[in-house]
Amino acid sequence: MLSRVAENIYWLSRYVERTENTARIVTVNANLLMDLPKGIAPGWRPLIDITGANALFEEHYKDYGERQVLKFLIGDERNSGSILSALEAARENCRTIRDFVPREAWELLNELHIFGREQLAKGLTKGGRHAYLKHIVQSIQTITGMLSGTMMHDQGYDFLHLGRFLERADMTSRIIDVRSASLLPAEATELRPFETIQWVSVLKSLTGYQAYRRSEQVRVQRGPVLRFLLQHAAFPRSVGYCLDTVRVSLEKLPRNEASLRVHGRLKRNLEGVVPGRLSHQQLHAFLDELQVGVGDLHGEIAKTWFPPPLESQSQSQTQG
Amino acid sequence: MAIGNASGALFRWSGRDPGRQWACEQETMSIDWNDYPCDEFYDELVAAPGKGREAVEGLLADLEELGPDELVARQEAADVAIKEMGITFTVYSEEGGAIDRTWPFDIIPRIIPQAEWERVEAGLKQRVQALNLFIDDLYHDQRIIKDGVFPAEVLAKSVNFRPQCVGIDPPLGIWAHICGSDLVRDGDGTMYVLEDNLRVPSGVSYMLENRLVTKRVFPELFEHYAPLPVDDYASQLFDTLAALSPRPADYPEVVVLTPGIYNSAYFEHAYLAQQMGCELVEGRDLFVDDEDCVYMRTVDGAARVDVIYRRIDDLFLDPEAFLPESALGVPGLLRAWKAGNVALANAPGAGVADDKVVYSFVPEIIRYYLDAEPIIPNVPTYRCMDPDSLVYTLEHMEEMVVKPANESGGYGMLVGPASTKSEREKFAELIKKDPRNYIAQPALKLSTVPTIVGRKLEPRHVDLRPFILSSDRQQVTMGGLTRVALRKGSLVVNSSQGGGSKDTWILPEQSEANQS
Numbered sequence: 000m001l002s003r004v005a006e007n008i009y010w011l012s013r014y015v016e017r018t019e020n021t022a023r024i025v026t027v028n029a030n031l032l033m034d035l036p037k038g039i040a041p042g043w044r045p046l047i048d049i050t051g052a053n054a055l056f057e058e059h060y061k062d063y064g065e066r067q068v069l070k071f072l073i074g075d076e077r078n079s080g081s082i083l084s085a086l087e088a089a090r091e092n093c094r095t096i097r098d099f100v101p102r103e104a105w106e107l108l109n110e111l112h113i114f115g116r117e118q119l120a121k122g123l124t125k126g127g128r129h130a131y132l133k134h135i136v137q138s139i140q141t142i143t144g145m146l147s148g149t150m151m152h153d154q155g156y157d158f159l160h161l162g163r164f165l166e167r168a169d170m171t172s173r174i175i176d177v178r179s180a181s182l183l184p185a186e187a188t189e190l191r192p193f194e195t196i197q198w199v200s201v202l203k204s205l206t207g208y209q210a211y212r213r214s215e216q217v218r219v220q221r222g223p224v225l226r227f228l229l230q231h232a233a234f235p236r237s238v239g240y241c242l243d244t245v246r247v248s249l250e251k252l253p254r255n256e257a258s259l260r261v262h263g264r265l266k267r268n269l270e271g272v273v274p275g276r277l278s279h280q281q282l283h284a285f286l287d288e289l290q291v292g293v294g295d296l297h298g299e300i301a302k303t304w305f306p307p308p309l310e311s312q313s314q315s316q317t318q319g
Numbered sequence: 000m001a002i003g004n005a006s007g008a009l010f011r012w013s014g015r016d017p018g019r020q021w022a023c024e025q026e027t028m029s030i031d032w033n034d035y036p037c038d039e040f041y042d043e044l045v046a047a048p049g050k051g052r053e054a055v056e057g058l059l060a061d062l063e064e065l066g067p068d069e070l071v072a073r074q075e076a077a078d079v080a081i082k083e084m085g086i087t088f089t090v091y092s093e094e095g096g097a098i099d100r101t102w103p104f105d106i107i108p109r110i111i112p113q114a115e116w117e118r119v120e121a122g123l124k125q126r127v128q129a130l131n132l133f134i135d136d137l138y139h140d141q142r143i144i145k146d147g148v149f150p151a152e153v154l155a156k157s158v159n160f161r162p163q164c165v166g167i168d169p170p171l172g173i174w175a176h177i178c179g180s181d182l183v184r185d186g187d188g189t190m191y192v193l194e195d196n197l198r199v200p201s202g203v204s205y206m207l208e209n210r211l212v213t214k215r216v217f218p219e220l221f222e223h224y225a226p227l228p229v230d231d232y233a234s235q236l237f238d239t240l241a242a243l244s245p246r247p248a249d250y251p252e253v254v255v256l257t258p259g260i261y262n263s264a265y266f267e268h269a270y271l272a273q274q275m276g277c278e279l280v281e282g283r284d285l286f287v288d289d290e291d292c293v294y295m296r297t298v299d300g301a302a303r304v305d306v307i308y309r310r311i312d313d314l315f316l317d318p319e320a321f322l323p324e325s326a327l328g329v330p331g332l333l334r335a336w337k338a339g340n341v342a343l344a345n346a347p348g349a350g351v352a353d354d355k356v357v358y359s360f361v362p363e364i365i366r367y368y369l370d371a372e373p374i375i376p377n378v379p380t381y382r383c384m385d386p387d388s389l390v391y392t393l394e395h396m397e398e399m400v401v402k403p404a405n406e407s408g409g410y411g412m413l414v415g416p417a418s419t420k421s422e423r424e425k426f427a428e429l430i431k432k433d434p435r436n437y438i439a440q441p442a443l444k445l446s447t448v449p450t451i452v453g454r455k456l457e458p459r460h461v462d463l464r465p466f467i468l469s470s471d472r473q474q475v476t477m478g479g480l481t482r483v484a485l486r487k488g489s490l491v492v493n494s495s496q497g498g499g500s501k502d503t504w505i506l507p508e509q510s511e512a513n514q515s
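Residue numbers (numbering that gives the first Met the number 0), protein chains in the order written: chain A, 0 to 319; chain B, 0 to 515.
Where hints are given, some of them may not hold.
[Stated by the list, open to error] 25 Å max Cα-Cα, derived PhoX-like pairs, lysine-lysine:
#1 K125(A) <-> K203(A)
#2 K82(B) <-> K121(A)
#3 K133(A) <-> K82(B)
Bear in mind the hints are in silico, worked out from the structure with no lab data behind them.
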């Protein structure tokens, strides 16, 4: 398989995953805000904190209001992480490897791209938002299912997995990072019920609420939730699960020694902590380190299997 | 999505839009073939008011029975299908850069009886066989020039002659493995060859997709008619390419070389690679080693490449041999080809016969190499290099189509009957400055095919581009790509300039299903 194609599949997969994750966190935040008392509601800013695009956001918007944040996360093409930009990037990557991706999956992605643009205005309204985001999440689940059901499970599929699960590991760690900051003053015991709501919303951002209830059988609270989201071996959005899946794909690829080494370090790091015992400061530092590790692993993958970077790529040519 | 800065090309394309606003059109109760205008031009489906051509007699009645509402609904279904299938081409504009557009398609098929097609097919094979002998001769002994049949000065001024290729023997002696020749039908029903595209002809993927879309939206027509299938093209192309491999003992590694997603025909490059099960590569995926062999960079390391179906123009192929600034090509590719370690299709330099002045010599070329009369005639052509023809052309510009020798895609030509006086004056200056670069042909009365416009069927002009494959044997596509000028009266069918396309049916005289 061509190195360039491997790279395109990897990025296609990352952008598709990013689209879905963004749609999920927006939906959940909207629900959370409705449940919290007005005075302590964190508003919409945490979503921008999760994506880490605060500087870009502040360059273009005056405040972190609902309308501004949603515009930025869903429809702003200046934000390379917005749903529209990610869909656009996914489609461009897919277009470059159209010969490789099953036609039906390409058609679905193309349709979703058209939907994202044409229904954007509706998606930015309070009334239309939910249906818009739901359609996006469902379409991506369909694309993922179709790829798993129709694409050759060869090296291309391994790169698809690498992209999806590295992106997911990164996003899960970011969501935990931002959402675990305590919303509540420590001594305000009368607000205890809301702390549960906060952790429920973290779980829901990752569609992990139901799974948590089944697997943990304890009340929703900080320690077990953190362990579940970081280390659970069977929850498909936990960082641990993502890293395990990445390893399965890495093991199948040739010339994988260096990548496996970086992966091993990352996994050991993840397993060496009891997240419930970390203070908020420590947790933040730990998650930071985790994200740097995911970045290192990406770097190693690119170095081993992707084509050497080009200086200039502005090329076009007509022909009859 | 709104496209802000529309260019000339886009304005022309949008000529179709008024016709697509179905809801605003006035109600038409039914389709009446008696009202269909077919006296001025040869119509491919309608012989006389109310009367279909023999092969399609029943089709007119079928369309009539469907009625305008249903036809419009089917056309809309086709438009949606094309958009969702992502069948696109790229339009260039000066301000807007490259824009990915969906492929304009009209659902009424164009029909050619099988008996006529068989003659055309024989004519195309003859033509391409002669052209390949001609190219090979030009890069070797140049007998045709020594024998005084082809003038040396035409060759001397050819922009597509590649001195780098002199003396090279490509596999099987073939230079143009994939040729796309454009055919047109004049008012009296004669089919002519309008031009031969021997460099990187495109359009075949649209031919294949058009059939797929037609099957989706018109399934019942296929119950009554049995157009001959078109879809084995990809395997024929693969066999054509594989036969060129320098390592015939192994399973050859064939790749499609594309300039990338910004090329107007990128859709087709990807499509063909996918259908053939080959890698679609860009120049940066390939490299040539010290032993002049070509490799591609893969996840497993370097892998040897045997045959390259290149969709990049000659001059961009190899910065070592041609344009040094080309970033699309592969340094050393020509070396590898000369050494016989890789096959290139089409061979570099094949474009020397893809020149409208050379075109005018094709009948002589056929007689010279094959000692036979051309089966399909050329359009009568005036070479402006020839003083009498130059005078005639300048005096009759209003009735002529004047074309530069080496442009494709309908760029840089003058359509006399549709031109203004100042356009003609400007063009006359261009011709006088460089007569060798121009030819003129009488403006043909291009044939028409019924096309959906609003809620009616109106005649629109068409041409036909079949594709001819040559290596160990010759094969011609079943029909080809019918291109249609969607604007009323327009003769320009190029997709880059407001053309659309139709499915092309080669119909057996009596299809069995038809008799039931």
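Here is what the structure says about each hint:
no.	hint	verdict
1	K125(A) <-> K203(A)	holds (20 Å)
2	K82(B) <-> K121(A)	holds (22 Å)
3	K133(A) <-> K82(B)	holds (23 Å)
In the structure shown, no violation is registered for any of the earlier numbered hints.
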